[in-house]
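Chemist: These are the residues of each chain, in order.
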Amino acid sequence: MRLDLLLRISSKIFLPFIILFAFYVQFHGDFGPGGGFQAGVIFAAGVILYTIIFGIKKAQKDFPETIFNYMISLGVLIFTVTGLISLSKGFNFLDYDALAHYPKHGQHIGIIAIELGVFVTVIGSMVSIFYAFVARGKK
Amino acid sequence: MNEHAPALVVMLPIIGAVLIMLIRHNNLNWGIALLSGISTIYYSIILYLNARSVGTISYAMGGWEPPVGIEYRIDEFNSLLIALIAIVSFLILVYAKSSLNIELKKNKISTFYSMYLLCLGGLIGILSTGDAFNAFVFLEISSLATYVIISMGNDRRGLLAAYQYLIIGTIGATLYVIGVGLIFIITGSLNLYDISLKLADIELYRPLLASLAFITVGIALKIALFPLHAWLPNAYAFAPSVGTAFLASTATKVAIYLLIKYLYLVYGFDLVYSNQIFIFVVLSLSIIAMFGASMIAIFQRNLKKLFAYSSVAQIGYITLGIGIANYSGLIGSTVHIINHSIIKAAIFLAIGCLVFSSKIVNIDQLAGLGKRMPMVAVCITVSSLSLIGVPGTVGFISKWYLVLGSLEQGLWIVVFALAVSSILALIYVGRIIELIWFHTPVGGMVSQNKIPFEMIAVTVLMTIATIYFGIDTRLTGDLAKIAVENVLLGEQL
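Protein chains in written order, with our numbering: chain B, 1 to 139; chain L, 1001 to 1493.
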């Protein structure tokens, strides 16, 4: 158990950077390559690395499974609510022009909002799938 | 909000699905599902009435004008099917609560409702979208939800059935996307209406035919057209009864609509039907489906599997009308999409009642059912008779139009095939009716659970519908006529 010292220490150093990079990809998504899906996968990869190094028990204590299960549907909700806000302002569904006074700002806000939805859902599904496989037969 | 109905009919079920997953409260879930079901019906009817009054409705998703953006294109044909699917699936939802309590583990019920609504949203999405790739996305949404629904039953064989369907369904979706990719290369557009305009100027050449072949085979896998039907019987047999009723009455019908849309509205009548081989393949596969699947159904012991094979046969009738490809034939197809949806919902809901009260799975357990549960027995009898096409039931109307269509086309062999396949249906249905009414109950088969009122009510309602629409065809036949006249054959007539 103690033999993995090197791995534990180095993964602890890496983890913050992985999460930070996920957020970079997330928020840079509307200017350059990236976006919610990629960011979500990177974030989930961080959680998966943590699980591999510290074991499923500790991981599920620090990142409870139920949170990820809820995140799957929460992301979709963020996405749809964005669309419904456009509807409520008399624009077509998912028309981001409705979200701000200037259409261009609206487009900006809209893309951030729905990418956030994608981000949340992707993290939720990736980690849920991983947990489902790893925790098999350990109940 | 009425002008946003095209987006709302798709979004309402999906929002319902998401809320159910977030709340996960067993009784509240049913309420949310019903609420989103009934609001979907409301907007689907508004959509239909709008389409009738103003013609085709085009809705630009996200405000991006077609053909660049995703367009939702609603006409009299697809809005009719949207309304049908919304109504049928709502009625099944009303029925669902008690049945699911018996057939599913407690912790799975929320997920079931959620997947049910997600599948419904996906199916309505396929119907309403006017974008080739968007249709693929909705195809995947509905299919993924379907896999989950199938795997949820208490029978562990459901897992295998779901896996089988997962593999086949994925292959189907892949073929469809390859076809869409070829079209995109040829025309540079993903908007179906735009594609149809551009294809009209393009001379027929091999990649175009290849895309037609890929799309047809891809969708045929979802339809479960005869040689590609292997996933269907197991999937229907081992899914929870509510899931079976839902899938049998909606999922395959939507895929058939997608096929019709591609053949008539995208590629166009002239391109597809100048191709003799295509007609020959569709007609012969349909006839083989009618015969082969009915034949297999005769030898089934499992009640749900029997009617699953009968579904494959009935799908043969629908594709037969597509192959006949004249006015009456197409009306036959369209009417049968509606009628078969009602019939199969009635039958599988009745079977759900049997599973609920006494865990009946095999047909020999039906012996003497007429004495023990007369109400359910009558429902099964009447709706099975509709399958054969007895005059006075909906099945007769569909077959009437199909026979009419094949006579007009001079396809005597098809008329003959229709008659013989009806006799085959008579054999497997006759076996069930004989067991129900003319056999004495086997000992130890006493009814255990009292069937709740709403389950019986929905089953009876569906059964009455199979008779009502068989006598009064104003709602089904005439609307199908309008759909075929105005949408599919608009330019030919």
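Rather than coming from a laboratory, the hints here were simulated on the basis of the structure. Among the clues, some could well be false.
Unchecked claim - Reference excerpt, derived from the structure (chain L facing chain B, CB under 10 Å, subset only):
no., residue
1, 1011
2, 1072
3, 1076
4, 1415
5, 1419
Where is the CB? At the ideal position from N, CA and C, for every residue including glycine.
Chemist: Which earlier hints turn out false for this structure, listed by number in ascending order?
Modeler: Of the numbered hints, 3, 4, 5 do not hold.
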